[in-house]
Amino acid sequence: MAQANSSRRLLPGFRLTIGYSILYLSLIVLIPLAALAAKSTELSPGQWWDTVTAPRIVASYKLSLMTSFFAAAANVFIGLLLAWVLVRYRFPGRRLIDGLIDLPFALPTAVAGIALTTIYAPNGWIGKLMEPLGIKIAYTPLGITLALVFIGLPFVVRTVQPVLEDLETDMEEAAVMLGAYRRRIFLKVILPELIPAMLTGFALAFARGIGEYGSVVFISGNMPMRTEIAPLLIITKLEQYEYGQAAAIAVVLLLISFLLLLLINMLQRRAGRRLHAA
Amino acid sequence: MAESAVTAVTADPRSSAARKPRHLTESGPVRVLLIGLALLLIAVILLLPLITVISQAFAKGWSTYMESLKDPDALAALRLTLLTAVIAVPLNTLFGLAAAWAITKFKFRGKQFLITLIDLPFAVSPVISGLIYVLLFGAQGLLGPWLQEHNISIIFAAPGIVLATMFVTFPFVARELLPLMEEQGVQDEEAAVTLGARGFRVFFRVTLPNVKWGLLYGMILCNARAMGEFGAVSVVSGHIRGETNTLPLHIEILYNEYHFTAAFAVASLLMLLAVVTLIVKSVAERRIHRNMRGS
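Chains as they are written, first to last, in the working numbering: chain Z, 86 to 363; chain C, 206 to 500.
Think of the hints as simulated: they come from the structure by calculation, not from any bench.
From the three backbone atoms N, C-alpha and C, an ideal C-beta is built for every residue, glycine too.
Some clues are possibly wrong.
[Claimed, not checked] Residues from chain C that face chain Z, not an exhaustive set, calculated with beta carbons under 8 angstroms:
no. : residue
1   : Arg236
2   : Ile240
3   : Ala243
4   : Asp278
Using the sequences plus the hints, can you model the full thing?
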């Protein structure tokens, strides 16, 4: 820290870079976000409340929260498995798969959206298999959840992976010495170390899912009250020139995201403390 | 002590975690089962969509595929997508470099708060990222009347698309540079200054070579998102064919009009972009790892 202090005198460019950063941040991020706050105050508190509690809008929040929750929960298990296999085992193609994990981050959401819809539609590769069983995937909440599983897949893998890599084996060694079985060691020794990372990954995937639009809008079918997600309703309100109502829905959605972000920060701080204490 | 902790983290932990003694790993059948299950999940969740894009794009043969790409509306969408990336990526890169320099080389109050603000766009839904610009510049937006008076159109025009894209890709470069430049400290730069080098020379000769792979990594991620962004751009574009459609929006229109083959043909271009991005990303990642171990 003392170094950083002395460098303030030594290194040039602080005023230029901090000034430019704050100016650019204000123009691109802060002022437009302030416009959202300003617009949502155009409604009276009563109108605001009526907007965000209208049945169609409440249904969309519920749908977005529910599908994101289940998708993130599924990703905790899938992510743990993938991280475990990638870190602990060696097999051909491991590096390729490790690189492929980030595909959902790199693939444009519209491309993912139309591809997933084609796969899970009643005449698609997987939809066709499920149809005789009476399971409809595309244009149902299940389809939305599967799209969100795709989008959220990298989060848990990428939060658990580094923790698993750094995990020392002495605790495992000790447990073996004491006669514990592998399954018991996993549940009692390894898993507790991974839980903060798993929760962080869960929260990240959950937050991403709530706001997700591109990959979901094709597979959801967009039926009001049933498969209409909250971000889509914002667009609908905008197309009706109901700017105030669109802003009100957005504010609620943003508040949920920020709460999750706060939770993530708390989790990470706690995980950091654990690491230092150990 | 801090130094040893850093090397422990960066000294390729992958190799130390692998090949454990027998009593510290699962039995053979369990391992095979877990690997098999992982591969199955990867195939269904990640590979199947890729295969779908390719097979649908070429469902009606090579000539139909090429025709879909040569369509004037598709070419116009491609041009707008490239234009957007050419503006958004350099501007966000410049910001990332400036912010990383200020944050990692100096000590000041509110640093943590500034980092939180830089991350903010990641927490905002793409649709809301577009919405805020409509609320600011749209016909009924805060600055709408003034813009109309002066005949400036931002929403339902290219500037709105570029702005919304800049918003969603805002943190990418800064995010990658911050931890790298933080770790590298200030000694090298201080030494250069002591030896008489000036600001930009220090930056180009000392700082930049140290972070070039991280910078490339951030820029490639920024570019992928800039070219592929859908939600935010969809809100501000107005979907005017040949004018305000980017490639992802063009895909949406084709798909909704049941031109599936054409939609997937255009989608295959963006998929190619994604694959190239992943390849460059893993190369850059490996370089960053190696550089950190080397230093």
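Against the structure, the hints come out as follows:
Checking Arg236(C) against chain Z: minimum C-beta separation of about 6 angstroms stays under 8 angstroms; hint holds. The restraint placing Ile240(C) at the interface with chain Z holds, with a minimum CB-CB distance near 5 angstroms, inside the 8 angstroms limit. For Ala243(C), the suggested interface contact is upheld, since its CB lies about 4 angstroms from the closest CB of chain Z, less than 8 angstroms. Look at Asp278(C): its Cβ only gets to about 16 angstroms from chain Z, farther than 8 angstroms, so that hint breaks.
Checked against the numbered hints above, the structure violates only hint 4.
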